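K.L.:
Turn these sequences into a full structure, and let the hints steer you where they fit.
In the working numbering, the protein residues as written are 1 to 138.
Treat the hints as calculated values from the structure; they're not laboratory data. Every value quoted in this text rests on a predicted model; they were computed, and no experiment measured them. Careful, some of the hints might be misleading.
[Stated by the list, open to error] Cβ-Cβ distance ranges computed for the label pairs, FRET-style:
1. A89 to H41: 24 to 30 angstroms
2. L52 to A82: 28 to 34 angstroms
3. R103 to D138: 32 to 38 angstroms
For each residue, glycine too, the CB sits at the ideal point set by N, CA and C.
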Amino acid sequence: MSTAIENLQAAQQRAMAGRPTVGGFPYLAETLRRAGVTCNHWFLPSCQSLYLTKDGAVVDQGTPLLSGTADVPPFDQEALVAALRTDQAGKSTFPEFLLATWRAGVVRYDVDFAARTCTYYGCEGEKYIEDYPAVSID
Numbered sequence: 001m002s003t004a005i006e007n008l009q010a011a012q013q014r015a016m017a018g019r020p021t022v023g024g025f026p027y028l029a030e031t032l033r034r035a036g037v038t039c040n041h042w043f044l045p046s047c048q049s050l051y052l053t054k055d056g057a058v059v060d061q062g063t064p065l066l067s068g069t070a071d072v073p074p075f076d077q078e079a080l081v082a083a084l085r086t087d088q089a090g091k092s093t094f095p096e097f098l099l100a101t102w103r104a105g106v107v108r109y110d111v112d113f114a115a116r117t118c119t120y121y122g123c124e125g126e127k128y129i130e131d132y133p134a135v136s137i138d
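P.N.:
Here it is as structure tokens:
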């Protein structure tokens, strides 16, 4: 196992152990940033995640949201924001969040840990950018 994978997995475990139910993403993001992760690129519906870290790039292939051929839902910013607010309130699991963003027409999203932004993209070039707050981790 590479140093990049070891550091990423250790940071993810630390984050999940201390992550609050409500507003947990900023805690996760700060833990990853401190571990040297600079960007995270998520590709939906494949649930493939690419992490760029100080130790190298790591790909994580999750369980795809669907299989076979499917129509891509149209980008729906209102539905996306609703999915974000539900997740931020601690009222959805991560798989439920991913499915809700896909249903809102998101085909990928990028997290910039330095800028503290998440950018969500539709297949026709649509995008929605949301800042997330800085948090302190003890």
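K.L.:
Confirm or reject each hint.
P.N.:
A quick look at each hint next to the structure:
no.: 1; hint: A89 to H41: 24 to 30 angstroms; verdict: holds (25 angstroms)
no.: 2; hint: L52 to A82: 28 to 34 angstroms; verdict: holds (29 angstroms)
no.: 3; hint: R103 to D138: 32 to 38 angstroms; verdict: holds (37 angstroms)
Against the hints set out earlier in the document, no violation occurs for any number.
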